[in-house]
Every structure is written in C-alpha cells, then in structure tokens.
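Residue numbers (this note's numbering), protein chains in the order written: chain E, 106 to 246; chain R, 106 to 246; chain U, 106 to 246; chain Y, 106 to 246; chain D, 106 to 246; chain A, 106 to 246.
Derived by calculation from the structure, the hints in this document are not laboratory data.
Misleading hints may appear alongside valid ones.
Just so you know, same-sequence chains aren't split out, so a pair can sit in one copy or run between any two.
Calculated pairs, DSBU-like style, for lysine-lysine (alpha carbon to alpha carbon, straight line, at most 30 Å) [unchecked claim]:
#1 202 / 232
#2 176 / 118
#3 204 / 176
#4 131 / 176
#5 143 / 178
Given next are the chains, with one letter for each unit.
There are 6 protein chains.
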Amino acid sequence: MNNRKKTVYITRKEHFNAAHRLFNPKWTVEENEAFFGKCANKNYHGHNFDLFVTVKGIAYEDSGMVMDLKKLKLVIKENVIDKLDHMNINEDVVFMKDKLASIENIVVAIWEILEPFIEHGKLHCIKLVETDRNYVEYYGE
Amino acid sequence: MNNRKKTVYITRKEHFNAAHRLFNPKWTVEENEAFFGKCANKNYHGHNFDLFVTVKGIAYEDSGMVMDLKKLKLVIKENVIDKLDHMNINEDVVFMKDKLASIENIVVAIWEILEPFIEHGKLHCIKLVETDRNYVEYYGE
Amino acid sequence: MNNRKKTVYITRKEHFNAAHRLFNPKWTVEENEAFFGKCANKNYHGHNFDLFVTVKGIAYEDSGMVMDLKKLKLVIKENVIDKLDHMNINEDVVFMKDKLASIENIVVAIWEILEPFIEHGKLHCIKLVETDRNYVEYYGE
Amino acid sequence: MNNRKKTVYITRKEHFNAAHRLFNPKWTVEENEAFFGKCANKNYHGHNFDLFVTVKGIAYEDSGMVMDLKKLKLVIKENVIDKLDHMNINEDVVFMKDKLASIENIVVAIWEILEPFIEHGKLHCIKLVETDRNYVEYYGE
Amino acid sequence: MNNRKKTVYITRKEHFNAAHRLFNPKWTVEENEAFFGKCANKNYHGHNFDLFVTVKGIAYEDSGMVMDLKKLKLVIKENVIDKLDHMNINEDVVFMKDKLASIENIVVAIWEILEPFIEHGKLHCIKLVETDRNYVEYYGE
Amino acid sequence: MNNRKKTVYITRKEHFNAAHRLFNPKWTVEENEAFFGKCANKNYHGHNFDLFVTVKGIAYEDSGMVMDLKKLKLVIKENVIDKLDHMNINEDVVFMKDKLASIENIVVAIWEILEPFIEHGKLHCIKLVETDRNYVEYYGE
Chain E
106 MNNRKKTVYI TRKEHFNAAH RLFNPKWTVE ENEAFFGKCA NKNYHGHNFD
156 LFVTVKGIAY EDSGMVMDLK KLKLVIKENV IDKLDHMNIN EDVVFMKDKL
206 ASIENIVVAI WEILEPFIEH GKLHCIKLVE TDRNYVEYYG E
Chain R
106 MNNRKKTVYI TRKEHFNAAH RLFNPKWTVE ENEAFFGKCA NKNYHGHNFD
156 LFVTVKGIAY EDSGMVMDLK KLKLVIKENV IDKLDHMNIN EDVVFMKDKL
206 ASIENIVVAI WEILEPFIEH GKLHCIKLVE TDRNYVEYYG E
Chain U
106 MNNRKKTVYI TRKEHFNAAH RLFNPKWTVE ENEAFFGKCA NKNYHGHNFD
156 LFVTVKGIAY EDSGMVMDLK KLKLVIKENV IDKLDHMNIN EDVVFMKDKL
206 ASIENIVVAI WEILEPFIEH GKLHCIKLVE TDRNYVEYYG E
Chain Y
106 MNNRKKTVYI TRKEHFNAAH RLFNPKWTVE ENEAFFGKCA NKNYHGHNFD
156 LFVTVKGIAY EDSGMVMDLK KLKLVIKENV IDKLDHMNIN EDVVFMKDKL
206 ASIENIVVAI WEILEPFIEH GKLHCIKLVE TDRNYVEYYG E
Chain D
106 MNNRKKTVYI TRKEHFNAAH RLFNPKWTVE ENEAFFGKCA NKNYHGHNFD
156 LFVTVKGIAY EDSGMVMDLK KLKLVIKENV IDKLDHMNIN EDVVFMKDKL
206 ASIENIVVAI WEILEPFIEH GKLHCIKLVE TDRNYVEYYG E
Chain A
106 MNNRKKTVYI TRKEHFNAAH RLFNPKWTVE ENEAFFGKCA NKNYHGHNFD
156 LFVTVKGIAY EDSGMVMDLK KLKLVIKENV IDKLDHMNIN EDVVFMKDKL
206 ASIENIVVAI WEILEPFIEH GKLHCIKLVE TDRNYVEYYG E
C-alpha cells in the first residue's frame, strides 16, 4: 500500500477547567451586563473546556502516522493546557492579556501558539467546546 | 489582536423530541413497508433529536463574538424548536406539510427557515442527529 | 481465586425508538393538557429510549460470568425491544394496554416481563432513560 | 395494573456553570496550595456542573407519575440553579457562605435546600458531577 | 419542495472491538519500543472503535433519502465490521496484512473497501475513533 | 455547618486500553468457542475500559473532602492502571494470572488491590465499563 499521497486528518482531544467572564473594559458595567448578561458576572463563572486539535498530512510509511501523537500531546500540554488549566482566563493567562475572553478569541490565540510547533503535516483546525451546547472552530483563515 | 480577518465557526446545539414516520402517500401501504420497513409504522415512532446550527463569520472587536448566541438561541427556539418539540412531524408541523418526514428533508427545511435570520455572519451548517447512529448535515448547497 | 461468594452486578444496555403520549382517558382533553402539558399532544411525540437491565449474582468458576450476556441480550430483544422499537407505546404495545404510558409504568411492566427469564442470578434493576435529562429506575420493590 | 405498592426512582438532570476555588481561610496561602494544589488558585477556576436529583415514591394511578417533573424542574431552578449558574461559588452564593466550596459540601447543601420541597415521594439522592472524572453523591444520611 | 439540487451528507455509525499493536517489522524490537512506546506491547492491547461513514448526495423525491441506510449498514457490516469485530488487526484481518496497524492506515483501507459499494451518492468521509481522545478522518484525497 | 455525620460518596473515573479473550483452559477449544463465541478468538480482541472507584465517608471539616482525590488517583494509577493499560490481560497482568479474564473477575481483583489503600473513608464500589453496552459493579460483598 502506498498511502504517501493520501491526506488524513488526525485529532487529539485535551481538556482544561477554567474561570472567565465576558467583559469589555471600554464599556460601562451596565453596558457589559446589558450585552453579555450573566456571562459578565464580576466574580467570574467557569467551564470544563474540551480542546480538539486537528493536524492534516500524509502518513509516513515507516510509522503509519502523520505525526507522533505523543509529541503533539506534549506540545499542547506545555504551551496551552498548562497555561489555562485551573486558571482564570481574564486574570492569569498571558496570551489572553488585553483580549476579550470569548471562545472565538481563545481559539484564534491557541491556533497562533500551536501552528509553529507542527513540523510534520499542517495544523488544520482548533475546536473549543465550552458547554454541551456551545462550541467554536477555527481553520486558520 | 486583530481578529477582523479571521473566520470562526460558532455552533449552538438545541434539542427536540418528536414523533414521525417515513411514508410516501403515492405508494401503497405494502410498498411503503417494503421500502421503509419498521420506519413506516402507521402509528408512528419517535426520537430525541439534537439540532446543531453553525454560523461562520468574523468576531467583532467590541464583543469578541460573531453573533450574540442568546439571540441565535431565541431565533432557533421560536422558529424551529417550538414548532417541532413534542410534535408529530407528519401531522403537526406546517413547514413539513406535503414533504416526506425524512431527516434529509427536515434539515433542508430548517436551513431555509433560519437563513434569513442570520444577520451577522453567514449560516454554515445545519446538522440533525436522529439517533446515536444516524445524523445528517446540510451546507446550503 | 474463589469468587463464588462474591456478588457482582452485571448490566446490559439496549435501545428502542418509540412514540407515546401521556393521556388519562378518565380525564377530559382539557384536564389532560392542563396536567401533562405538551406531553399530551394528541398526535404523539417520541424518544430514543435507553434501557439498562441489571442482574446480580455470583460468577460461575467455569465461565467467570453471572449469566451469559448473549442470552440476556436475546431475552431482552425478543420480549421487550421487539415489542417497543419503532412502535407507538399507546397504540401498538400489548403489555402497556390500558396503562398510562409514563416511564414509571413502563419500567415496572418491563421488570414483570423479564424477571421470569432470569435463571442464574436475580434481576436487580430496570433503568429507562427517556431523555438526556429524565430517567427512572425500579428495583422490584 | 396496581403500581401503588411499587417504588420507582425518578431522576431529573439540571446544569450550571460556575467558578470556585478550594481554600480554607484558617490555613495560610502556602498550606492551602500545598494541600489543594492548583484547585486553590487565587483567581478561581470553573466547571460545567451536572446536577442529578432523584426522588423515590409510588406512581399515582391517575398520572402514572411519582411527582410532576415540571414542578421538580421549577423547584430546582428557582432554589438551586438560579443561585449557582454563572456565579462564583465562593463569593456569590449565599447558601455556601462560610463553607469550603468542595463538591462534598455543595451536595449536602443542595439536599438541605431541596428536601422541604418534595411533597410527593421522598428525596433519595443528590449527585453532582464536577468533571468527566469526578462526581459525588449524597443520600441524606 | 425540490430538494433534487441540494446536497446532504448522511452519516452512519458502526462499532467494533479489536486488538492491535503498532509494530514495524523492518525495525528492531528496541526501535519499535523507542518509537511506539507501550503501543508496541508484544501481546497487543485493544480498543472499542467507533466507525463513522458519511455519504453525500441529493435526496430522492420518492424516498426523501440519499441512499437506503439499511443497505449502507449491511454493506459496512459485511465488508468491514464482520472482518474487524473481536479480531486482532495485526493477525486476523486480511485487508490489513503487511500494513502497519495504525488508525491512519485502517481508515484508508476502509475507504477503499467501501467506495465501490456506494451506488447512490458518493462516499465523503471515513472517520475512526480509537479512544475518547484520538480519532482520524479520511476524505479520499 | 457540621457535615461530620453526613456520609458522601465520591467517585473517581480512570481509563485503560487492553486486550483480552475469554478462555477456560480446562475446556477444549471447541467448548470455549461454543460457549464464549467470538470473545474466545485466539488472537485476542480489546476494549477501552472505564474504571469508576467510589469511596464513602464523612467530609473533613478542614478540607471539605472525604479523601484527597489526587492521592486516590495516584493509588489507582500505580496499582491498577499501570498494570492494565496497553496490556494483554490474559498474558501480561500478574493479578489476573490463572483467572478467567471476565469483567466480573477483573472487578473483584481490582477491589482486593485497592481496598487496603483506602485510609480515610471506605471503599464502596468498583465499576468497570467494557463497552457502551456492558458494565459490571462490585460492592465487596
């Protein structure tokens, strides 16, 4: 079998628990509450976030793999999960400083962190699941 | 950060419980049973349906969002869920009148209902999960 | 190892899709709608039901099992699932005739059907999951 | 069928998203961090909590139900969910004031709030799921 | 309604339990262990695999379907599931002979088996979920 | 609040992937195949196993906990998961030597390993989920 011309998409799921709030410092407290509702609660709320990282590429003949998932797991852990898990996204996370802590903004920031580390294959999608009912995806475009 | 040129895909999940049957009135009862099997049962059967609505767009700098999910939730509820939940799709649902009640047809009908309401961003996908083992997606094409 | 004095609880999950409505024929339509709300819809609604059957007993030394799960699966299929799957519980199911089609009543009826078939071990629990948010259990007491 | 002597257990699942931290004010910051680890993070972290409330009782012949789940849902919403959802358990929740915000303590507090409202049947279990890997149950004893 | 020009994507999920190991016979045992880690364990390990098969096409007006899911289910069962379920992928599966038993290689092999059987519509995606944290997708390109 | 007389049940979920087969060495190959069916496949099959460990006890006033879940996690990992994960239960696992590799027997063996390590509270239940459709529980009796 020659899979060298066949593109597969491999996904790794990781997890973090964090606090956040939706708040625009250029708006008044009342404007924030009117727009974001209970998501603007000043003492924060939180979620169990599931993060899905998808890499596309051609499987190596020697390993049968696009990339070593153990390495991908380590890269995600050191650069993303360790900075978000059991943290407050508004207060504790350097890469979200001065950004509104929406999942739309978080998912773009995670893409920008991880992309340089993908040496084999190409980063394809970052998906972030905030609750059983809401999730966001970003394809780098 | 300037996310204004970055397209994110935001998904909201909603839920409804409904009865239906697969039945083509142009066919005889025997033809319907031969083709659709137990799905044609004259007294109906039913499902817990999960509906996923995905909108694509660029996050506003002020809100960090493509669109207000609370508004999207309300639009889906008023125009889709309230018309399907605890209903019989063959008998009670105006927008499925004279259509075969397959998930392929339902998902196209839901797209046509929701698309005019998406003011910020663009409707990207309607996904309808009928059972743990069957689902259908429609991208408006 | 002698497990002959150790009681284990073994559970098998099965599945059926059915229509039903909550309706008491002794009440008026208005009384039914006032009490049961949209669950009384005259054209029915439906669910994907998950059924969990738990048997308790002591594992045989020869087989390492309390009972043969393949036999349990067959008994559940022939006596319960085949009578409920893709059916209307109010109209099509003999063992629910003249009973209100609530999950509380269904679960007791399933216990009474299955108990005589459990030859090794003892029926311990019938659990019926109606939606992601509602389920009922019965322990035969 | 006479189910009046048969006890069934009916469960309702609700959901809330909240921030918390594990912190004992009688200990130093260092003692808290040594014992609770990252769960003591001063700016909080958070979770999607699933709450399961189980009531046991005998189904009424007229309704086929132990209690009206719509009423149970309302009682849980008004007295528990509205006080926890999108809140900070350490800072915003009156019934957790002066208590360590562990799930063991939260589940006992929820039991004490809900028990007086269960008029038909008897409160049987409060289960609180903090993450996919941790949950706690309390049976009132 | 004329859905004849609207493309829907219909997905069927199937399941198999199998043993495998990652091992390249051209490498030494030590090289395999260094690269694949515990996945190279000589006595194998195993998984519950979920397989998702997606077909795209235009729903027939008569049936409301792209293709008969009962037929798709049968084709998947006879040609894929029956050959993998309760098998050892390295030792027992003819279509994986002389291939490294990675999910990247399995998913391509399944595509090649199933594609000729899709008469109505077009095979769109094979997705194989190995664990709660890893999955792979292949789109035939 | 005095929770010292209130018993809570705290559960930790862990995970392992393993191969096994059902086979009684006292029986012939034919007898094993007749009884265990495809579960007796000589080259093994495998599963993603979920293990749930429940400890009951009274929450300490200082910590708000029955026991330190980080310690419980470590005890389970070192004594159970590390010996089962990516292993062949029939060939590689010392504590299952000379025992039939059924989930009924595995769950009893895990109880006997873990019980001596539970210093605060009392081991209450070991639950082992083999597939989405089968699981077993043991309460030490």
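Fill in: Status of residue 232 relative to residue 202 across identical chains (alpha carbons, at most 30 Å)
within (21 Å within a copy, 35 Å between copies)
Worksheet item: From the Cα coordinates, with 30 Å as the cut-off, is the pair residue 131 and residue 176 best called within, between, both, or neither?
Response: Classified as between; 23 Å across copies, 41 Å inside a copy.
Fill in: Copy assignment of residue 143 with residue 178, given that the CA separation must stay at most 30 Å
between (34 Å within a copy, 15 Å between copies)
Fill in: Intra- versus inter-subunit Cα pairing at 30 Å for residue 176 with residue 118
Classified as both; 13 Å inside a copy, 25 Å across copies.
Practice prompt. If the cutoff is 30 Å on CA atoms, where do residue 204 and residue 176 land: within, between, both or neither? Let me know, please.
Written response: both (29 Å within a copy, 23 Å between copies)
When each numbered hint is compared with the structure, no violation occurs for any of them.
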